[in-house]
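There are 2 protein chains.
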Amino acid sequence: MPVRSVELEHLKEMILKMAMTVEAAIKDSVRSLVERDSELARRVIDEDRKINTFDVQIDEECVRLLALKQPMGKDLRFITTAMKITTDLERIADNAVNIAERALELNEEPLLKPYIDIPKMSRIAQGMVRDTIDAFINEDKQLAKDVIMRDDEVDDLNETVIKELMFIMTQDPSTVSRAVKISYISKYLERIADHSTNIAETVIYMVEGKIIRHMLPDQI
Amino acid sequence: MPVRSVELEHLKEMILKMAMTVEAAIKDSVRSLVERDSELARRVIDEDRKINTFDVQIDEECVRLLALKQPMGKDLRFITTAMKITTDLERIADNAVNIAERALELNEEPLLKPYIDIPKMSRIAQGMVRDTIDAFINEDKQLAKDVIMRDDEVDDLNETVIKELMFIMTQDPSTVSRAVKISYISKYLERIADHSTNIAETVIYMVEGKIIRHMLPDQI
Chain A
1 MPVRSVELEH LKEMILKMAM TVEAAIKDSV RSLVERDSEL ARRVIDEDRK INTFDVQIDE
61 ECVRLLALKQ PMGKDLRFIT TAMKITTDLE RIADNAVNIA ERALELNEEP LLKPYIDIPK
121 MSRIAQGMVR DTIDAFINED KQLAKDVIMR DDEVDDLNET VIKELMFIMT QDPSTVSRAV
181 KISYISKYLE RIADHSTNIA ETVIYMVEGK IIRHMLPDQI
Chain B
1 MPVRSVELEH LKEMILKMAM TVEAAIKDSV RSLVERDSEL ARRVIDEDRK INTFDVQIDE
61 ECVRLLALKQ PMGKDLRFIT TAMKITTDLE RIADNAVNIA ERALELNEEP LLKPYIDIPK
121 MSRIAQGMVR DTIDAFINED KQLAKDVIMR DDEVDDLNET VIKELMFIMT QDPSTVSRAV
181 KISYISKYLE RIADHSTNIA ETVIYMVEGK IIRHMLPDQI
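Quick note, the sequences are listed as chains A and B, same order. Just so you know, my numbering puts 6 at position 6 of the first sequence, and the rest follows in order with no gaps. Just so you know, my numbering puts 82 at position 82 of the second sequence, and the rest follows in order with no gaps.
Repeated chains share a single entry, so a pair holds when one copy, or any two copies, can fit it.
Heads up, simulated SDA-like pairs for lysine to any residue below, C-alpha to C-alpha not over 25 Å straight-line:
(1) 163 to 45
(2) 12 to 63
(3) 145 to 56
(4) 187 to 131
(5) 113 to 124
(6) 50 to 151
(7) 17 to 61
(8) 145 to 63
(9) 145 to 49
Calculated from the structure, these hints are not laboratory results.
Can you build the whole structure from these sequences, using the hints too?
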């Protein structure tokens, strides 16, 4: 029995909604740090439940479609891709929660220095999440490749942040506890970009039927 | 058409082999650090290709079985679970590579202090990977729950390691660069334990048909 397109549209909608919620969680977690807004940090932590619910619902819907509709070809690929994508989205949200948790701690201590690269990383990471899901919905291979390329920017920014923090710690040992927490936040953002890259690779696989997950960038 | 049991057995074998290779990668990556064996570290990095190949092959086999056999009920759950599990196994291996990369750097510098908690974390994490896959193959819900409980031990050890490293950095700023690298290794091991927990949760879901992914420990 073919999957009716209304069912696939419904699945797409659920994923879009989940992705929008995840993107907002990243944004708010970093805002709670930059604006030292602990109330907002707590809200990010609380709202993770919503994202977990999306994850479970989409997973159930995919298994239901596989079982009842026994889809073939393109539809089958779309559904197995959806199952993988939501796992990554859910873990991106977990990283946003981790950022909010560190923000709560950092907001209790004096500001180490104004945050410049962290918001920049966050903006790139949010764009990667948004575009990778758009690439999925529209089967846009080029956009997915573009997301993968942006991962290097986040990696470079992360390296810059870590180096700077190590320098600050070496100069003034009283900064160690705060600097380590900020370095975690940088790492969480890097991981969010990695998950977006994973999604983008899965999308290309879906479109091309070609596994690029373990290829080098110049092979893609 | 039902999936022939010989095909499921073959799939199980592939996953077992992949898991054994991943377990060895964790063990060797930490050994390359503790024994300051950079040759071994490079081998871990090289052999990641093998694990990536397993990942692709298992994924392809799962999609093939879904397409050609259109499995129902238990078999369908088993195959979708297998697809999720290998993603986690592959990412565990990525963390082992990250450990080996940090080991290569640390082996070039004087030893900061003998490693005690890191090997302990590694042993627990390896056991978690092994048991979580055994739980999957034997549909052993109890073993999967047991793995989830062990995650706290790794989290606690990670916290101990990080606190100790922060103390060392505060006392002697010349240790910052090494201490930060060691703290990453501790984090990578913690993430390996998290991935094993994810697998265990997926296994319980497969056995019980109940999503425990987002439940609190006392609800499990």
